[in-house]
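Protein chains: 2
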Amino acid sequence: MRNNTIGSLIWLRLMRFTNQSNQMSNEFLKRFDLTTAQFDVLMQIRIYQPLTQMELAEKVTVTQGGISRMLSRLEKEGYIVRKQDWKTKTINLSAKTEAILDQVMPEQLAFQSSFFDDVLNEEEQQILYTLMTRVHKHSQKKELPPK
Amino acid sequence: MRNNTIGSLIWLRLMRFTNQSNQMSNEFLKRFDLTTAQFDVLMQIRIYQPLTQMELAEKVTVTQGGISRMLSRLEKEGYIVRKQDWKTKTINLSAKTEAILDQVMPEQLAFQSSFFDDVLNEEEQQILYTLMTRVHKHSQKKELPPK
DNA sequence: TTTTGTAACTTGACTAGTCAAATGATAATG
DNA sequence: CATTATCATTTGACTAGTCAAGTTACAAAA
Numbered sequence: 001m002r003n004n005t006i007g008s009l010i011w012l013r014l015m016r017f018t019n020q021s022n023q024m025s026n027e028f029l030k031r032f033d034l035t036t037a038q039f040d041v042l043m044q045i046r047i048y049q050p051l052t053q054m055e056l057a058e059k060v061t062v063t064q065g066g067i068s069r070m071l072s073r074l075e076k077e078g079y080i081v082r083k084q085d086w087k088t089k090t091i092n093l094s095a096k097t098e099a100i101l102d103q104v105m106p107e108q109l110a111f112q113s114s115f116f117d118d119v120l121n122e123e124e125q126q127i128l129y130t131l132m133t134r135v136h137k138h139s140q141k142k143e144l145p146p147k
Numbered sequence: 001m002r003n004n005t006i007g008s009l010i011w012l013r014l015m016r017f018t019n020q021s022n023q024m025s026n027e028f029l030k031r032f033d034l035t036t037a038q039f040d041v042l043m044q045i046r047i048y049q050p051l052t053q054m055e056l057a058e059k060v061t062v063t064q065g066g067i068s069r070m071l072s073r074l075e076k077e078g079y080i081v082r083k084q085d086w087k088t089k090t091i092n093l094s095a096k097t098e099a100i101l102d103q104v105m106p107e108q109l110a111f112q113s114s115f116f117d118d119v120l121n122e123e124e125q126q127i128l129y130t131l132m133t134r135v136h137k138h139s140q141k142k143e144l145p146p147k
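Protein sequence lines correspond, in order, to chains A and B.
Start counting the first sequence at 1; every next residue gets the next number (my numbering).
Start counting the second sequence at 1; every next residue gets the next number (my numbering).
The calculated label-pair distances, taken between Cβ atoms and stated as ranges, are:
no.	chain 1	residue 1	chain 2	residue 2	range
1	A	GLN103	B	LYS96	52 to 58 Å
2	A	GLN49	B	THR63	31 to 37 Å
3	A	ARG69	B	GLN64	23 to 29 Å
4	A	ASN19	B	LYS96	27 to 33 Å
5	B	ILE127	A	ALA95	42 to 48 Å
6	A	PRO50	B	MET54	46 to 52 Å
Derived lysine-lysine pairs resembling DSSO-like cross-links, with alpha carbons at most 30 Å apart:
no.	chain 1	residue 1	chain 2	residue 2
7	A	LYS59	A	LYS30
8	A	LYS30	B	LYS59
9	B	LYS137	A	LYS137
10	A	LYS59	B	LYS30
Hints in this document: simulated from the structure, not taken from any laboratory.
Quick caveat: nothing in here was measured; it's all calculated off a predicted structure.
No residue lacks a Cβ here, since even glycine has one placed at the ideal position from N, Cα and C.
Using the sequences plus the hints, can you model the full thing?
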């Protein structure tokens with residue numbers, strides 16, 4: 001009954017870990033009045049602005065609908081500015097958000113890193129990164145099995 | 001501006017990968033009329049039944065409120081049975097669900113494994129599992145930094 | 001036996017997301 | 001110029017989750 005493959009064990013570990021660390025990250029970011037999801041999209045906008053909703057959706061792997069809802073929350077709170085530009089909407093950070101991110105980013109990156117720094121040395125982190133990169137890249141070109 | 005640590009790069013990879021593979025898993029499970037989240041809790045119930053809602057919440061790392069909502073959906077669909085038993089509610093799978101899981105489980109485990117089998121050999125998977133186990137276990141006893 | 005506690009579960013208001021149908025903005029054609 | 005097409009975004013109905021306040025089920029003390 002317990003015919004778990006090594007792959008399925010890895011899968012479960014990854015799911016539980018990301019779930020858990022996501023919750024902890026939310027708690028950490030509470031002091032800046034941000035959620036992990038919001039921080040994620042704000043960072044992507046900062047790096048790639050100006051960009052369209054489609055491009056952004058792609059970067060954070062959510063659907064069109066998902067990004068639309070997220071952005072209207074962020075706009076309502078004044079974090080971002082959207083303007084109709086030809087058929088598409090162009091997204092930019094508001095000035096206040098640039099300032100907020102300058103402060104939050106180093107803290108959040110340090111927080112994320114601490115999950116690994118505390119238990120893995122430099123070399124082990126490099127190995128983990130390499131393995132996960134291969135797995136992730138492969139998953140992106142994976143096809144659903146038929147039937 | 002791109003002062004990404006190796007840890008923050010790993011973090012992002014893990015988030016994107018789990019997010020993506022979760023979506024693919026949802027699509028895969030559609031043929032059985034299940035979601036990934038539902039499959040996860042049904043599997044935990046199968047392994048540990050009978051159990052209480054608190055115990056289950058702990059196993060799948062969601063809150064009391066979250067498990068309550070999930071279970072009432074599952075109960076409405078006839079996948080599980082809850083009965084009041086002293087102060088707590090005891091959860092069991094319905095007979096039909098045991099049968100469904102017998103069929104779904106091997107397929108889903110194979111699907112999960114395929115993410116890793118396709119690109120990592122046995123030894124690499126073992127390494128990945130070991131590293132992630134250390135990272136995960138550590139995160140469970142981690143404290144939020146003060147301030 | 002009414003009051004008082006307490007542990008387990010539920011619920012209201014919310015974020016975050018999905019899918020698929022509807023709407024908006026612009027272009028191209030009859 | 002009105003009609004049709006096309007692509008981007010929005011929206012309705014839903015799953016899945018959070019937090020914190022509210023119930024429920026039982027126990028023990030007054």
